[in-house]
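Protein chains in written order, with the numbering used here: chain S, 1 to 207; chain W, 208 to 506; chain V, 507 to 934.
Quick caveat, the hints were computed from the structure, so don't treat them as lab data.
Where a beta carbon is used, it is the ideal one built from N, C-alpha and C, also for glycine.
Heads up, a few of these hints could be off.
Simulated pairs of lysine-lysine, DSSO-like, Cα-Cα distance not exceeding 27 Å [stated by the list, open to error]:
| # | chain 1 | residue 1 | chain 2 | residue 2 |
| --- | --- | --- | --- | --- |
| 1 | S | 186 | W | 314 |
| 2 | W | 502 | S | 169 |
| 3 | S | 64 | V | 825 |
| 4 | S | 64 | S | 31 |
| 5 | S | 169 | W | 506 |
| 6 | S | 18 | W | 314 |
| 7 | V | 825 | W | 389 |
| 8 | W | 389 | S | 169 |
| 9 | S | 183 | S | 130 |
| 10 | W | 420 | V | 830 |
| 11 | S | 169 | W | 239 |
| 12 | W | 401 | V | 709 |
| 13 | S | 169 | W | 496 |
| 14 | W | 401 | S | 169 |
| 15 | S | 112 | W | 420 |
| 16 | S | 169 | W | 314 |
| 17 | V | 830 | W | 423 |
| 18 | W | 389 | V | 830 |
| 19 | S | 183 | W | 314 |
| 20 | S | 183 | W | 224 |
| 21 | W | 239 | W | 496 |
| 22 | V | 825 | S | 31 |
| 23 | S | 196 | W | 314 |
| 24 | W | 314 | S | 129 |
| 25 | W | 210 | W | 354 |
| 26 | W | 210 | S | 169 |
Pair by pair, the computed Cβ-Cβ distance ranges are [as the list claims (entries may be wrong)]:
| # | chain 1 | residue 1 | chain 2 | residue 2 | range |
| --- | --- | --- | --- | --- | --- |
| 27 | V | 629 | W | 464 | 46 to 52 Å |
| 28 | V | 564 | W | 342 | 52 to 58 Å |
| 29 | V | 665 | W | 465 | 30 to 36 Å |
| 30 | S | 181 | V | 801 | 52 to 58 Å |
| 31 | V | 649 | W | 464 | 55 to 61 Å |
Residues on chain W that point at chain S, a partial pick, calculated with CB under 10 Å [what the hints assert, rightly or not]:
| # | residue |
| --- | --- |
| 32 | 227 |
| 33 | 229 |
| 34 | 253 |
| 35 | 259 |
| 36 | 262 |
| 37 | 301 |
| 38 | 321 |
| 39 | 332 |
| 40 | 494 |
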Amino acid sequence: MTTANTNAIERYRNNFLKEVEANVEEGHMVKMCMQCGVCAGSCPLGPAWQHSPQKIFMMIRAGKRDEVLGSDSMFMCTSCYNCMVRCPRQLPITHIMHGLANYAHRLGLAPKGQPTRDFATLFWNNAIKKGRVNELMLTLRHYFRGGLVSGIKEALGMQSVGLGLFMAKRLNPMEIFGGHGVKDLKGFHAIIAKAKEIEDRKKGFTA
Amino acid sequence: MAKKEYAFYPGCSSQLKASASNYLVSTNSICKSLDIKLTEIPDWNCCGASVGYCEGGELPRIAINARNFAQAETHLPGQDIVATCAACWLSARESKERLDGSAQLLKETNEALAAAGLHYNGGANVRHMVEVLIEDFGYDGLKAPMKKSLEGLKIAGYVGCQTNRPFGIDGESFENPMYLDKMVETLGGEALTKYEQKVTCCGGALAFSEPEKSQKQIRDIVESAYDHGAEMIVTPCPLCQANVEVYQSEINKKQGTKFNMPVVYYSQLMTVAYGGSAKDAALDGQLIKAEKLEKIAGK
Amino acid sequence: MTASIATNQAILVVGGGISGMTAALEAAECGKQVILVEKTPVLGGRTARLYRYFPKMCHPTCGLEINLRRIKQNRNIRLMTMTEVTAVAGSRGNYSVTLKVSPRFVNENCTACGKCGEAVTTEVSNPWNYGLDKMKAAYLPHNMAHPQRFVIDPSIVGTPEGEKAKAACPVGAVDLDMKEESVTLQVGAVIYATGWRPYDAAKIQPYGYGRYRNVITSLEFERLADPQGPTGGKILRPGDGKEAKNVAFIQCAGSRDENHLRHCSRICCMASLKQTQYVREAFGDAGKSTVYYIDIRAIDRFEDFYQMVQKDATVSFVKSKVAKIVENAENGNPVLHGVDTEGYHRYAVEHDLVVLAVGMEPEITGVKLPDDVILDSSNFIEGSKDGGMFGAGAASSPLDVNRAVQSATAASLHAIQVIRKTASTEAA
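So that you can see chain S by itself, here it is in the shape it has in the complex:
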């Protein structure tokens, strides 16, 4: 268990709603939900969720911390914003889902090996490494995430796509040697480090 998690449990005890309000992006809006269910019905990946958004909001209020933060449900969000534009209480549902996923991920409670969790992590790390996304490395790393053998299999399965994109000049094999990026990489990294420092302090990840 991470220290941040132990601290959070200690600090908020039985009040998971308070914890969410304090530490999760747009978490203060969770209490506005009136359980109409329009988000659940609007989600394109609805059938794939264990818990729909409105159910998660109710679970938060009911203090079901382990069930919520250990769930893979938030990772089913495709960021389509259907729920958000239809919500009669204007809850920023998409952002809350992202926020919950981020919080669970940072606390080390999100399911291990959850594919979107892994891909999302890969994506961010890829993007900030050079300041711009290296699509080739992103693709390769994604397919080889499970090790060399399964990676080769998966990549072979998709090789017609990769080859097609290459032929269509839309995938650059030279990116394996670095690819594009921002010039002031030092400054870019300094900004992210500082932002992370501020956020971690606020959300209880650092003392």
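Let chain S serve as the given structure and place chains W and V on it in line with the hints.
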């Protein structure tokens, strides 16, 4: 028409030899025809995209967007920031609205920016290329440079999510936006206005991580286009374009369908209507060749 | 035109629906002078266009008839139809109001014989049936219309059709030279009984009103059930005229929604519960009603009615705000998608017809009122800073007929107090 100038935010996928390079090439072509001057924001960086949420968190994502704003404010003062990518536009605009809405957040963001000697004053105006075309030129204005009609082309306007929700194009509805249809009609094509999958999600980043689930979405999007007699799909979003075009062969393989539906950008349609060649429209960048459009371009 | 009875002792009542009629009568029967102005050619407002009232399921004709008779008998009420207020100046006890009177093109000689209507062939959209059908361009709005006087639609004035109507009139009542007039009156107090209008259902985009023909509003459904309505009281759906036996009612269509109306419209739950009984009345056990709701708000004594409907085997309830409607292209049936929050079951259910229980939007939304008038965040009238102008009925809050009448009586009493105070100040 007076030359219009904008601070251009091309985004990662629009790079040369990146997945949406055909979007960039064709955008440059239409800008030439419309006398638009796009100046790249110096040293711009990735917007973080929606899927950056997991590792990126809140403030770091806002801070990197603010870095772009600060660069634009300093080097291209007074110019609207224009993005072609739906995700770039959304991330940037979302960051902008959060910063506009909270002095505390702006303060923290500037604290982060100061680490690189930058400062954001709050003056960014973030727009999508489609907004620029519709609001600054208007459908009549878009007609002006036309040299050819796209007559006879049946086109399904696939708007997707992020150019449509939560902000969308002013005056359009989330459930049935009409602007792509109107653009197609402006160019002389036949818009399939009853196409009901126009705002269905393509699966976004989950096309990578949850292929089965997103391919179900993509199948609906393509199938309905066929049902309505479409000859191609047009979209304003790079991820929509890539997902809907690229995975058709996968779906064919797994599910025995025979999808072969070209998916193009509005900018490619416009380039051809403005008399550009297939190369100007970057039609060589299509995985599934848009033959009918190529034919018009070749005329 | 002279304004003989108007003085600062008079009360202006704006709107001739159930609330305006009530407010006018209460004041007039207390001996006060009242000017009752109504925008349309008839009294009765939205109430006159209902098929039945809840909870007693009686017809509005009954209550309306009594009120109309009281109005006809009362010499203190001066009724002005086709009249709108364009400006209010002055303050409590001493207002100067400007009225715009639109031409009816039919004078008081009219005996409502109907010959003009027979003579013309032009048809216009029928607002009394919410545009579900058409009516002749020379018309009596409905059977209970008061005044019982025909109206010539302005679209045929100056055309041969207008001349035909004129020629057909045996009593010389058709006057095609009538012009719009402006009238200025002095009054001491103003009651806004301007009522409500159904929220524009087309704005609730996921439900496809306007795109799908078999998605209608609850007000349109009232007209379908009414024998005087476009289908003669048969519940036939607009798409293909087929009997709609399997009807879905969607609650909170626009209400309790920050994207639309932020308030609860209060009447819609009861209205839908009532309308399930129209389906039963029409089809017996073969009818089927499904109510999709967030929560049913049947307040105080209406709980009985709710329980009665719950016992009806033809009615079922699904606790869910419907996410979206798509149309089955083959049969035109609307298909409802959503998640039942009791058990989190995902559904995709087909119905013959969808009735959107649309919310109440104040009719004055978008209208410029005197600066003194105080509105709440939903544009309902709370009163005025100077204490001389009042909201009554659905103009003041989303209210059903019963509560609108109570509210109108209260507003009338307030207005009477203003007049009395003005009179005593002047006497002193």
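Tested hints:
Taking the CA atoms of residue 186 of chain S and residue 314 of chain W, the gap is near 22 Å; set against the 27 Å cutoff, the hint holds. Note on residue 502 of chain W and residue 169 of chain S: the hinted pairing holds, with a Cα-Cα distance of about 21 Å set against a maximum of 27 Å. A hinted pair counts as satisfied when its Cα atoms are at most 27 Å apart, and residue 64 of chain S with residue 825 of chain V qualifies at roughly 23 Å. Restraint check: the Cα-Cα separation between residue 64 of chain S and residue 31 of chain S comes to about 15 Å, which is no more than 27 Å; the hinted pair holds.
Note on residue 169 of chain S and residue 506 of chain W: the hinted pairing holds, with a Cα-Cα distance of about 25 Å set against a maximum of 27 Å. Of the pairs offered as hints, the one joining residue 18 of chain S and residue 314 of chain W holds, with about 25 Å between alpha carbons and a cut-off of 27 Å not exceeded. For the hint linking residue 825 of chain V to residue 389 of chain W, the alpha-carbon distance of about 39 Å lies beyond 27 Å, and the restraint is violated. Pair hint residue 389 of chain W plus residue 169 of chain S does not hold up; C-alpha atoms about 30 Å apart against a cutoff of 27 Å.
A distance of roughly 9 Å separates the Cα atoms of residue 183 of chain S and residue 130 of chain S; the hinted pair therefore holds under the 27 Å criterion. Between residue 420 of chain W and residue 830 of chain V, the direct Cα distance comes to roughly 20 Å. Compliance with the 27 Å bound is thereby established for this hinted pair. Between the alpha carbons of residue 169 of chain S and residue 239 of chain W the distance comes to roughly 22 Å, so the proposed pair stays at or under 27 Å and holds. For the suggested pair residue 401 of chain W and residue 709 of chain V, the alpha carbons sit about 18 Å apart, so the restraint of at most 27 Å is met.
A threshold of 27 Å between alpha carbons decides the hint, and for residue 169 of chain S with residue 496 of chain W the separation of about 14 Å falls inside it, so the pair holds. With a C-alpha separation of about 34 Å, the suggested pair residue 401 of chain W and residue 169 of chain S falls outside the 27 Å cut-off, and the hint is violated. Taking the CA atoms of residue 112 of chain S and residue 420 of chain W, the gap is near 20 Å; set against the 27 Å cutoff, the hint holds. Under the criterion of a C-alpha separation no larger than 27 Å, the hint pairing residue 169 of chain S with residue 314 of chain W is inconsistent with the structure, at around 42 Å.
In summary, the hint linking residue 830 of chain V to residue 423 of chain W is supported, as the alpha carbons are separated by about 19 Å, within the 27 Å threshold. Using a Cα cut-off of 27 Å, the hinted pair residue 389 of chain W and residue 830 of chain V holds, with the two alpha carbons roughly 24 Å apart. At most 27 Å may separate the alpha-carbon atoms for a hinted pair to count; residue 183 of chain S and residue 314 of chain W meet this at roughly 25 Å. About 19 Å separates the Cα atoms of residue 183 of chain S and residue 224 of chain W, which keeps this hinted pair within 27 Å; it holds.
Distance hint between residue 239 of chain W and residue 496 of chain W is fulfilled; the C-alpha atoms sit about 24 Å from each other, no more than 27 Å. Restraint check: the Cα-Cα separation between residue 825 of chain V and residue 31 of chain S comes to about 20 Å, which is no more than 27 Å; the hinted pair holds. A C-alpha spacing of about 14 Å is found between residue 196 of chain S and residue 314 of chain W, which places the hinted pair at or below 27 Å, so the restraint holds. For the proposed pair residue 314 of chain W and residue 129 of chain S, the alpha carbon gap of about 25 Å is at most 27 Å, so the pair holds.
For the hint pairing residue 210 of chain W with residue 354 of chain W, the CA-to-CA distance comes to about 20 Å; that is within 27 Å, so the pair holds. At most 27 Å may separate the alpha-carbon atoms for a hinted pair to count; residue 210 of chain W and residue 169 of chain S exceed this at roughly 31 Å. Checking the proposed 46 to 52 Å range against residue 629 of chain V and residue 464 of chain W shows it holds: the Cβ atoms sit about 50 Å from each other. At roughly 54 Å, the beta carbons of residue 564 of chain V and residue 342 of chain W sit within the given window of 52 to 58 Å.
For residue 665 of chain V and residue 465 of chain W, the Cβ-Cβ distance of about 59 Å falls outside the hinted range of 30 to 36 Å, so the restraint is violated. Under the hint 52 to 58 Å, the C-beta atoms of residue 181 of chain S and residue 801 of chain V, about 54 Å apart, fit the expected range. For residue 649 of chain V paired with residue 464 of chain W, a C-beta distance near 60 Å keeps the hint of 55 to 61 Å intact. Below 10 Å, beta-carbon pairs count as interface contacts, and residue 227 of chain W has one with chain S at about 7 Å; its hint therefore holds.
A least Cβ separation of about 7 Å between residue 229 of chain W and chain S falls short of the 10 Å threshold, and the interface hint therefore holds. Interface hint at residue 253 of chain W: satisfied, since its Cβ lies 4 Å from the closest Cβ of chain S, which is below the 10 Å cut-off. Interface hint at residue 259 of chain W: satisfied, since its Cβ lies 5 Å from the closest Cβ of chain S, which is below the 10 Å cut-off. Because the beta carbon of residue 262 of chain W sits about 4 Å from the nearest beta carbon in chain S, less than 10 Å, this interface hint is met.
Interface restraint check: residue 301 of chain W against chain S, minimum CB-CB distance 8 Å, threshold 10 Å, status holds. Below 10 Å, beta-carbon pairs count as interface contacts, and residue 321 of chain W has one with chain S at about 8 Å; its hint therefore holds. With a cut of 10 Å, the hint placing residue 332 of chain W at the interface with chain S is violated, because the nearest CB-to-CB distance is about 21 Å. Hint status for residue 494 of chain W: holds, given a least beta-carbon distance of 5 Å to chain S, under 10 Å.
Of the hints listed earlier, those the structure fails to meet are numbers 7, 8, 14, 16, 26, 29 and 39, in rising order.
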